[in-house]
Amino acid sequence: MPTFYENKQLVTPGDLLAEGNYVAGENAYKEDGKIYSTQLGLVDYEERRVHVVALRAFYIPYIEDTIIGKVVDVGFSGWMLDINAPYLAMLRASDVLDRPFKPQKNDLFSIFNIGDLIIAKVVAYNRTRDPLLTVGEPSLGKITRGQIVEVTPTKIPRLIGRQGSMISMLKRETGCHITLGQNGLVLVSGKTLEDERLAIMAIRKIDQEAHTSGLTDRVTKMIQKEKGGVKHAQKDN
Amino acid sequence: MPRKTTKKLIDKNGIRADGRKLDELRPIKIEAGVIRNADGSAYIEQGKNKILVGVYGPKEVHPKHLTLLDRALLRCRYHMAPFSVDERKRPAPSRREQELSKVITWAIEPSIFLEHFPRTCIDVFIEVLQANGGTRCAGITAASVALADAGIPMRDLVAACAAGKVEGHLVLDLMDVEDKMGEADLPLALMPNLNAITLLQMDGGLTTDEFEQVVNLALTGCKQIHTLQKEALKARYIAVKKAVEKQ
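Chains as they are written, first to last, in this note's numbering: chain L, 7 to 243; chain W, 36 to 282.
Among these hints, one or two may not hold up.
Claimed, not checked - Covered, in the sense of this in silico footprint (three residues per stretch, anywhere, with C-beta under 8 angstroms from a C-beta of chain L), are these stretches of chain W: (1) 87 to 95; (2) 135 to 144; (3) 177 to 185; (4) 189 to 200; (5) 219 to 228; (6) 264 to 271.
Said to hold, decoys possible - Listing some non-contacts, in silico: residues in chain W with all C-beta distances to chain L over 10 angstroms: (7) Asp74; (8) Lys99; (9) Gln282.
Claimed, not checked - Footprint (simulated), chain W over chain L, 3 or more residues, beta carbon under 8 angstroms: (10) 17 to 29; (11) 43 to 57; (12) 91 to 97; (13) 215 to 221.
Derived by calculation from the structure, the hints in this document are not laboratory data.
We put the beta carbon where it would ideally sit given N, CA and C, even for glycine.
Can you build the whole structure from these sequences, using the hints too?
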């Protein structure tokens with residue numbers, strides 16, 4: 007059962023990753039006992055599973071994912087949200103109002119208007135049906151403050167880090183509240199614009215350098231250096 | 036144009052008008068991710084050909100009635116800029132461009148997992164900025180890189196290259212004059228890892244023996260181009276990695 011690359015090596019679509027008794031995981035497929043990559047990414051050999059961590063990808067909804075969406079249409083019984091995926095997502099009015107919903111009485115525009123950004127969770131999705139969202143949980147709902155950064159959706163796990171090391175470091179060092187949408191949108195809200203700017207800078211760096219090692223340390227260093235710089239600038243004023 | 040007085044396309048040493056050997060490709064430069072607003076993009080220079088490709092999608096289909104319920108719709112548009120050729124080309128899509136758009140769509144279609152994204156479409160825009168023969172092949176090559184750059188799952192990259200017969204010699208990667216003055220031209224697209232041909236056209240006449248040789252010649256060309264495609268896709272990430280390691 008030969009493998010043809012080292013762990014974490016860069017591969018392109020169509021590259022032969024392994025032969026024989028392996029199972030094709032994410033971004034890989036099997037044909038005639040051979041496993042090929044389907045994406046540009048980093049190959050990952052586990053016991054029997056071979057998968058590729060994509061470097062360029064778009065978001066595909068998964069049930070239970072927390073996502074950030076933008077209202078693009080208000081209908082009679084709910085809202086349509088752009089969730090950065092190939093499909094528009096539906097948010098039903100009955101879900102938001104949690105009481106019998108009457109189209110004559112309730113003005114949906116006054117709840118969520120077009121252009122509003124919403125943190126929601128995917129409750130239902132398969133390939134024959136557009137994703138269905140819910141906001142019926144604490145911490146979900148309309149976004150009222152903060153800034154949005156866009157990253158490649160596949161790099162969200164890198165942004166979280168091993169057991170949340172990266173994200174907890176980011177929160178600690180910048181003092182910002184950070185909400186990760188699995189669809190690649192990240193909400194950053196801090197006490198000052200300066201804090202937010204710092205967090206956004208760090209997130210952009212992580213997005214850019216996701217495929218390198220020792221990233222957490224480098225980002226920590228960058229933030230600390232920047233923080234020093236900011237303090238210095240304030241002194242000058 | 037007085038073509039009779041032009042010098043021979045291939046001299047007695049087997050060197051072509053632009054100094055290439057018979058089985059030599061034109062110098063090729065491929066770059067991925069050149070357009071910020073597109074989901075994926077690529078730029079290719081193959082000799083004097085200059086082609087820019089942008090990929091959008093998967094996204095909802097417009098107009099809606101074209102939606103396919105079991106797979107994604109792939110639409111390619113091959114277009115030549117008015118300034119891409121010696122005499123101004125009218126910018127409206129010509130009969131030739133429409134045909135090439137179709138042919139390119141068919142050449143790329145088998146490489147993509149379209150069935151993973153039903154009810155969506157993937158748009159590929161191939162814009163020829165400068166043409167000097169073999170643009171359909173260069174277009175396919177670049178389009179495949181752009182699709183990979185967009186993060187669309189693919190069975191394999193598609194590399195394309197032409198071969199043909201000029202003044203009795205079998206040659207690789209024909210340029211404009213060789214295509215026009217030569218006896219035969221055979222564009223071919225290949226998925227190199229799967230060893231599957233996705234496009235095979237022929238213009239002109241060849242004996243069966245010659246045909247086989249020309250196909251093999253084109254296949255070697257495709258394989259060379261394939262390595263360049265892979266390098267182009269990796270280049271950006273390797274550059275970032277190197278910059279990081281330097282620190």
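Hints and how they fare:
Note: the segment 87 to 95 of chain W has 4 residues with beta-carbon separation from chain L under 8 angstroms; the three-residue rule is met and the coverage holds. With 0 residues having a Cβ less than 8 angstroms from any Cβ of chain L, the segment 135 to 144 of chain W misses the three-residue criterion, and the hint is violated. Closer than 8 angstroms: that is the beta-carbon criterion, and the segment 177 to 185 of chain W has 3 residues meeting it against chain L, so the requirement of 3 holds. Check on the segment 189 to 200 of chain W: 4 of its residues sit with their Cβ under 8 angstroms from a Cβ of chain L, so the three-residue criterion for coverage holds.
Counting residues of the segment 219 to 228 of chain W whose C-beta sits closer than 8 angstroms to any C-beta of chain L gives 3, which meets the bar of three, so the coverage hint holds. Requiring three or more residues with a Cβ within less than 8 angstroms of a Cβ of chain L, the coverage given for the segment 264 to 271 of chain W holds, as 4 such residues are present. At roughly 7 angstroms from the closest C-beta of chain L, the C-beta of Asp74 (chain W) falls inside 10 angstroms, breaking its exclusion from the interface. Remark: the non-interface label on Lys99 (chain W) is consistent with the geometry, its nearest Cβ contact in chain L lying 12 angstroms away (cut-off 10 angstroms).
Its beta-carbon lying about 7 angstroms from the closest one in chain L, Gln282 (chain W) breaks the requirement of being farther than 10 angstroms from that chain. Requiring three or more residues with a Cβ within less than 8 angstroms of a Cβ of chain W, the coverage given for the segment 17 to 29 of chain L holds, as 5 such residues are present. Proximity of the segment 43 to 57 of chain L to chain W, defined as three or more residues with a beta carbon under 8 angstroms from a beta carbon of that chain, is established by the 3 residues found. Remark: the segment 91 to 97 of chain L is confirmed as covered by chain W, as 3 of its residues place a Cβ nearer than 8 angstroms to a Cβ of that chain, reaching the required three.
By the rule of at least three residues with a Cβ nearer than 8 angstroms to a Cβ of chain W, the coverage given for the segment 215 to 221 of chain L holds, with 3 such residues.
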